[in-house]
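Asks: One-letter residues, chain by chain:
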Amino acid sequence: MSPDLSDLYQQVILDHNRRPRNRGRLPTANRVAHGDNPTCGDQCSVYLRVEGDRIADLSFDGSGCAISQASASLMTTQLKGKTAAEAQEIYRQFHDIVTTGHEPEEISDLAAFAGVHAFPARIKCATLGWHAALSALKNDPLPATTENTLD
Amino acid sequence: MPDWKNVRADFPALHQQVNGHPLVYLDNAATTQKPQAVIDALSHFYERDNANVHRGLHALSMRATDGYEGARARVAKFINAAAPEEIVFTRGTTESINLVAASWGGAHLRPGDTILLTEMEHHSNLVPWQLVAQRTGAKLRYVPVNGDEGLLDLSQLDRLLTPDVKVFAFTHISNTLGTINPVADLCARAKKAGVVTVVDAAQSIGHMPVDVRAIDCDFLAFSGHKMAGVTGIGALYGRRALLDAMPPWQGGGGMISNVEFFASRWKPSPERFEAGTPNFADAVALGAACDYLDGLGRAAIQDHDSGLARLAYERLGAALPGIRLLGPRGERGGLVSFALPGVHAHDVVTFADQDGIALRGGHHCNQPLMKKLGLTGTARASFYVYNTEDEIDLLVASLQRTVKFFHG
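Residue numbers (our numbering), protein chains in the order written: chain A, 52 to 202; chain B, 6 to 413.
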């Protein structure tokens, strides 16, 4: 039996795709990183304003499929106000969800991405924005790419 | 005229279900399925004739050599080359173009020279020229594409063919737009300007008659796997005088006439460009693919594939409001590439796959063209000898469901 598309394209994902949150360049950003997926041409820029150890504000911009755009949008809502360590931990949970399909114990919008695990080709779409954000957080001068990072 | 219904029975991979639906394979511009005759030719070679070619004095090696050189003659006949020696076997179109760019380009291009390309080139007919441009100091120049209709702006061609242009490389059929370029005319105009021509025939070779003497090109590149042949084999056609004047591009066994510790002499073409053990088994299967396609008749194949593409263009346009269809409306190669409003190409492909329909989505190795057209990607349906009109209707219905899912 093939995996159901409504598992992949959950309402939360469709909603973020239709009405992306925090989309566009953040004028006050002091960090920026660009991610791209050379396999499909998806692109994502993430802008952060980091104050001390905390992400005071963030936004994203770019183009790609519903999964990559919704994931980047949802990410901006999840990481705002978080410390670098907290952001890493949230990404770890998200990564676990998209690769295993295991939903987290606490109620979280991240769970909407559990369906991605049944479509392995789309895991990179779901993680693209996150790679860029973590790269910006580290102030990594290299562009993030899905090709030299583990999913 | 072949009975197209029977043709379908020749391709074993088509007879399967995908995600609970009969497979509708519309990704033929990426690679075609293989007929049983080609699969049999490959397995029979391995079952009976396998041995390394050339220099072999035993029975199997002689048989393998006959098979390999027979395939070369068959391919030469397939494209109406003047002699088998004008066919160099390669891994495919990409390697063929890299060979010309590195060997011919490396020997002939100088700082200040210009390489003329078109804006619709696949990365495989663009990046090899960028590499040789970096190495030699030559510059790149592009014949523009006229927007979504996807035609080359040939009114500019004579102006672009300035005396510094040394080579003009262009595709026969665009893998993204479906445009069929007037290659014979392009070659004639380049020839008048003393410019060497390279034709990328990856998308035309299996879909229409391709005659290198009628086109009058200097080089022509293609892949076997896009013409019902197997992967890993393709060819470079080159005029013999040009090939024989080119330096080797890879060294090794099979391409030398004499080797000493500090210098070697090369064999003439095609062996000069086939260092190492060549891909003889796949070449034999490529010969079988030539036989298969000529059995159907390539003019008939063109009518069939282009006819389906034109039909798809019309039906998609009529059924899907706001769809952006690329390439010319009339005469086109056997593919249609399109963008649905508000639905990314990868989502389109994922939804089609759930209905058993194989499409391709993305930039189709045409990133600069996509950027020029203001697109991040398109979905593409590409047709071959086994596809049917009914499959176009299945595609249209699937795309309508996708649009409904995203837009309600």
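Don't read these hints as lab results, they were simulated from the structure. Think of the CB as a built atom: it goes at the ideal place given N, C-alpha and C, for glycine as much as any other residue. Treat the hints with caution; some may be incorrect.
So the derived list for chain B, only partly shown, Cβ under 8 Å to chain A, looks like this [said to hold, decoys possible]:
(1) 48
(2) 216
(3) 263
(4) 355
(5) 382
Asks: Name the hints, by number, that the structure is in violation of.
Replies: 1, 2, 3
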